[in-house]
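Colleague: Protein chains in written order, with the numbering used here: chain W, 80 to 209; chain D, 80 to 209; chain E, 80 to 209; chain F, 80 to 209; chain A, 80 to 209; chain Z, 80 to 209.
Be aware that a few hints might be false.
Any copy, or any two copies together, can satisfy a pair, since identical chains are not distinguished.
Said to hold, decoys possible - With a straight-line cut-off of 20 Å between C-alpha atoms, the simulated DMTMM-like cross-links for lysine to aspartate or glutamate are:
#, residue 1, residue 2
1, K104, E126
2, K104, D205
3, K171, D142
4, K133, E123
5, K173, D142
6, K138, D101
7, K209, D177
8, K133, D100
9, K103, E126
10, K84, D206
11, K109, E203
12, K84, E203
13, K181, D142
14, K84, E160
15, K94, E123
16, K94, E126
17, K172, E160
18, K90, D177
19, K171, D206
20, K103, D206
21, K138, E123
22, K84, E126
23, K173, D101
It is worth saying that the hints were derived from the structure and are not from the lab. Source: prediction; values computed, not measured.
6 protein chains.
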Amino acid sequence: MKIFKPISESKAKGKVKRIFDDIKKIRNIKKIPNFWRSIAHNTETLERTWNNLKQIMGKGTLDPVTKELIYVAVSITNSCEYCIRSHTAAAKKKGATDQMIKEMIDVVGIANQNNKLVEAYQVEVDDIYK
Amino acid sequence: MKIFKPISESKAKGKVKRIFDDIKKIRNIKKIPNFWRSIAHNTETLERTWNNLKQIMGKGTLDPVTKELIYVAVSITNSCEYCIRSHTAAAKKKGATDQMIKEMIDVVGIANQNNKLVEAYQVEVDDIYK
Amino acid sequence: MKIFKPISESKAKGKVKRIFDDIKKIRNIKKIPNFWRSIAHNTETLERTWNNLKQIMGKGTLDPVTKELIYVAVSITNSCEYCIRSHTAAAKKKGATDQMIKEMIDVVGIANQNNKLVEAYQVEVDDIYK
Amino acid sequence: MKIFKPISESKAKGKVKRIFDDIKKIRNIKKIPNFWRSIAHNTETLERTWNNLKQIMGKGTLDPVTKELIYVAVSITNSCEYCIRSHTAAAKKKGATDQMIKEMIDVVGIANQNNKLVEAYQVEVDDIYK
Amino acid sequence: MKIFKPISESKAKGKVKRIFDDIKKIRNIKKIPNFWRSIAHNTETLERTWNNLKQIMGKGTLDPVTKELIYVAVSITNSCEYCIRSHTAAAKKKGATDQMIKEMIDVVGIANQNNKLVEAYQVEVDDIYK
Amino acid sequence: MKIFKPISESKAKGKVKRIFDDIKKIRNIKKIPNFWRSIAHNTETLERTWNNLKQIMGKGTLDPVTKELIYVAVSITNSCEYCIRSHTAAAKKKGATDQMIKEMIDVVGIANQNNKLVEAYQVEVDDIYK
Chain W
80 MKIFKPISES
90 KAKGKVKRIF
100 DDIKKIRNIK
110 KIPNFWRSIA
120 HNTETLERTW
130 NNLKQIMGKG
140 TLDPVTKELI
150 YVAVSITNSC
160 EYCIRSHTAA
170 AKKKGATDQM
180 IKEMIDVVGI
190 ANQNNKLVEA
200 YQVEVDDIYK
Chain D
80 MKIFKPISES
90 KAKGKVKRIF
100 DDIKKIRNIK
110 KIPNFWRSIA
120 HNTETLERTW
130 NNLKQIMGKG
140 TLDPVTKELI
150 YVAVSITNSC
160 EYCIRSHTAA
170 AKKKGATDQM
180 IKEMIDVVGI
190 ANQNNKLVEA
200 YQVEVDDIYK
Chain E
80 MKIFKPISES
90 KAKGKVKRIF
100 DDIKKIRNIK
110 KIPNFWRSIA
120 HNTETLERTW
130 NNLKQIMGKG
140 TLDPVTKELI
150 YVAVSITNSC
160 EYCIRSHTAA
170 AKKKGATDQM
180 IKEMIDVVGI
190 ANQNNKLVEA
200 YQVEVDDIYK
Chain F
80 MKIFKPISES
90 KAKGKVKRIF
100 DDIKKIRNIK
110 KIPNFWRSIA
120 HNTETLERTW
130 NNLKQIMGKG
140 TLDPVTKELI
150 YVAVSITNSC
160 EYCIRSHTAA
170 AKKKGATDQM
180 IKEMIDVVGI
190 ANQNNKLVEA
200 YQVEVDDIYK
Chain A
80 MKIFKPISES
90 KAKGKVKRIF
100 DDIKKIRNIK
110 KIPNFWRSIA
120 HNTETLERTW
130 NNLKQIMGKG
140 TLDPVTKELI
150 YVAVSITNSC
160 EYCIRSHTAA
170 AKKKGATDQM
180 IKEMIDVVGI
190 ANQNNKLVEA
200 YQVEVDDIYK
Chain Z
80 MKIFKPISES
90 KAKGKVKRIF
100 DDIKKIRNIK
110 KIPNFWRSIA
120 HNTETLERTW
130 NNLKQIMGKG
140 TLDPVTKELI
150 YVAVSITNSC
160 EYCIRSHTAA
170 AKKKGATDQM
180 IKEMIDVVGI
190 ANQNNKLVEA
200 YQVEVDDIYK
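In isolation and in its complexed conformation, chain W is listed as follows (with noise of 0.2 Å):
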């Protein structure tokens, strides 16, 4: 075995098992996805991404589905299957429809074009912006 593997949940104990059952619990799911059972081989980093994520993502002046769906707009920048599919479908059971979706790539794909006009032009920022 060269990296970790996701761990059973079965396998969970202590603390481990008491996050996987919040995780369970507060997203109304009923596996633990491999996201969680891969990073569980580290408890602190278990532990500290799943509350980061649970105050991160919460109801806030912006709600659930804006979240979700900012979230899918970076990991399709950083190219990220996993973090594209799982979010995408968090998006989608917390309300986003198809055509929200696709907007939102519109947008991504405008901007990933445009920071690099940016770039190959250096442009310097106005004044109003600064």
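The hints should help you fit chains D, E, F, A and Z onto chain W, whose structure is shown.
Modeller: Relative to chain W, chains D, E, F, A and Z alone:
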């Protein structure tokens, strides 16, 4: 001159001038920002980019504020200062509050972190996400 | 064939064969990994890459394990599966423990997050860091 | 004001002040760097980020110098000037020599190059690395 | 279904069908590749992307082969397998030889390395380049 | 001093001086640019980088102008200002026209956009590209 400098607004003629006028009208601004004055070195690029942006960033199922926040999220991930500054300004002009921007930033931060945890553990996509 | 496939070890001749032999000797391995068999399509690339890597990754003030961990950290940040897997294996072969790898991953995660918080807030460099 | 400016240390109150005091004590510094003063606009972000960083960057199986070098390696790969400068300073303060930094940089350079050679040739993962 | 699957060519109607026909004619191909069948979920995206690509990738001062090599170089840097494979194929169809592709790859490799050395040493722009 | 500053040309001795002289001769320049003066802190890095660059960027099946354009395309994608500026200058010195540079920029823009559309739709590689 090694890199193209922004062209002066007063020197814009023909199609470039018409596009500059459209940008000022649609955006409700008095001066053309450096980005458009830079890419105006290539009339086709200016026209294509403006038409694309108008089509994509206008009102759809997603409201313009959400689109701007997604645009900024991508620009942060790509480390594009000009894009972060100009589209944060655009987001605010369209109604984004400081609180919305802070929450967007937090999502961008955790998404960038978790994207890399997924790579580090080479997490396989769960069947339910396929 | 659209993309270059790894060339067969048994077909390596001349300089390519000598480099393959050197790789097997220095790395103490029996089979040439796909990376070297792929870039062997360009003898100059193979020779240059192997010589560079030997010079850089050998023992210096930093020990070889630390160098491999740094290599993996970069590869995670760039989302290169092959590189993550092969250099995690190399790190372990040279003595990296699971605990060391987990701690490296945590640093990679928080660095990727904070790098983006810095961009989001456009933090200026403090005088003491200049 | 378009982007959040660092808040003044003298205006920090309550939880923000307590965290600033903890940063100064743990880091053995007299002034709070711009990074912390910037993210202090969001108390939750400040608290979470500081707690995460303290947990991750402290002494573990990897020594703090190695962790800082890994942090800088990621920051170079992500082109984050502030992060490169501040964590190179941190690495030196914790004992990194110029020679160690130079060797880290060389590893970052070749890893970035080889990561792309792997993509270019679309190298498949060898069975022994799976 | 979590992510949009490519739509079947036989189900394309109206504007989508006309664009598919144009792609097949201009590209001199019999089947529409998965990329176009995927973005066809959004007719506007399909139309805009195809029109942009036709305008940009056609013959200009740079010949189409050079443009395809530049496209592949970007795709390698962004680690986009589909893009690397499809545009390497396009480059070959337009006349790129294996030797040209290998030389392009070498440039991509060293550029990625030196880009990071520049960041690591925070090299300031020389006056003659400003 | 936190980050290595460029070393003065007048202080270069031995191997560093010989490499500086070779750079000036081959490049037909009077002053050593900051990049080389920075990495000269590590003689091995200077020597290796210069030898690699000379080998890769010289005339091959691809002409030197095309190679420089590819180098700039990668540097734009990686947002490396120094690299964009210095290699755009190099491209012009070797014969690149403004029109060629503008067309290269357009290709870089659309490639960055389409790379992300491919990720967003998770497009599978067509059989003909495998």
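Colleague: Does each hint hold? Answer for all of them.
Modeller: Comparing the hints with the structure gives:
When the C-alpha separation of K104 and E126 is checked against a cutoff of 20 Å, the pair qualifies only within one copy, where the shortest distance is 15 Å, while the shortest distance between copies is 26 Å. For a Cα distance limit of 20 Å, the shortest separation of K104 from D205 across copies, 19 Å, qualifies, whereas the shortest one inside one copy, 49 Å, does not. Within a single copy, K171 and D142 get their C-alpha atoms as close as 13 Å, and across copies as close as 17 Å, so both meet the 20 Å cut-off. Taking the closest pair of Cα atoms, K133 and E123 come within 20 Å of each other both inside a single copy (15 Å) and across two copies (12 Å).
In the homo-oligomer, the alpha carbons of K173 and D142 lie at most 20 Å apart both inside one protomer (10 Å) and across protomers (17 Å), since each shortest distance falls under that limit. In this homomeric assembly, K138 and D101 come within 20 Å of each other (Cα to Cα) only inside a single copy, at 17 Å, whereas the closest approach across copies is 30 Å. In this homomeric assembly, K209 and D177 come within 20 Å of each other (Cα to Cα) only across copies, at 16 Å, whereas the closest approach inside a single copy is 37 Å. For a Cα distance limit of 20 Å, the shortest separation of K133 from D100 inside one copy, 14 Å, qualifies, whereas the shortest one across copies, 27 Å, does not.
Taking the closest pair of Cα atoms, K103 and E126 come within 20 Å of each other only inside a single copy of the chain (14 Å); across copies the shortest separation is 26 Å, beyond that limit. For the homomeric pair K84 and D206, the shortest alpha-carbon distance between copies (16 Å) is at most 20 Å, but the shortest distance inside one copy (51 Å) is not. In this assembly of identical chains, K109 and E203 lie within 20 Å of each other by CA distance solely across copies; the values are 18 Å between and 51 Å within a copy. Taking identical chains as interchangeable, the C-alpha atoms of K84 and E203 lie at most 20 Å apart only when they sit on different chains, with a minimum of 9 Å there against 47 Å within one chain.
In this assembly of identical chains, K181 and D142 lie within 20 Å of each other by CA distance both inside one copy and across copies; the values are 18 Å within and 13 Å between. Taking the shortest alpha-carbon separations for K84 and E160, both the intra-copy value of 18 Å and the inter-copy value of 15 Å come in at or below 20 Å. In this homomeric assembly, K94 and E123 come within 20 Å of each other (Cα to Cα) only inside a single copy, at 10 Å, whereas the closest approach across copies is 24 Å. In this assembly of identical chains, the alpha carbons of K94 and E126 lie at most 20 Å apart only when taken from the same copy (8 Å versus 23 Å across copies).
Taking the shortest alpha-carbon separations for K172 and E160, only the intra-copy value of 18 Å comes in at or below 20 Å, while the best inter-copy value is 29 Å. Proximity of K90 to D177 under the C-alpha cut-off of 20 Å is restricted to the inter-copy arrangement: shortest distance 19 Å between copies versus 38 Å within a copy. In the homo-oligomer, the alpha carbons of K171 and D206 lie at most 20 Å apart only across protomers (16 Å), although the nearest pairing inside one protomer, at 40 Å, exceeds that limit. For a Cα distance limit of 20 Å, the shortest separation of K103 from D206 across copies, 17 Å, qualifies, whereas the shortest one inside one copy, 49 Å, does not.
Taking identical chains as interchangeable, the C-alpha atoms of K138 and E123 lie at most 20 Å apart only when they sit on different chains, with a minimum of 14 Å there against 25 Å within one chain. In this assembly of identical chains, the alpha carbons of K84 and E126 lie at most 20 Å apart only when taken from the same copy (18 Å versus 32 Å across copies). In the homo-oligomer, the alpha carbons of K173 and D101 lie at most 20 Å apart inside one protomer (18 Å), although the nearest pairing across protomers, at 38 Å, exceeds that limit.
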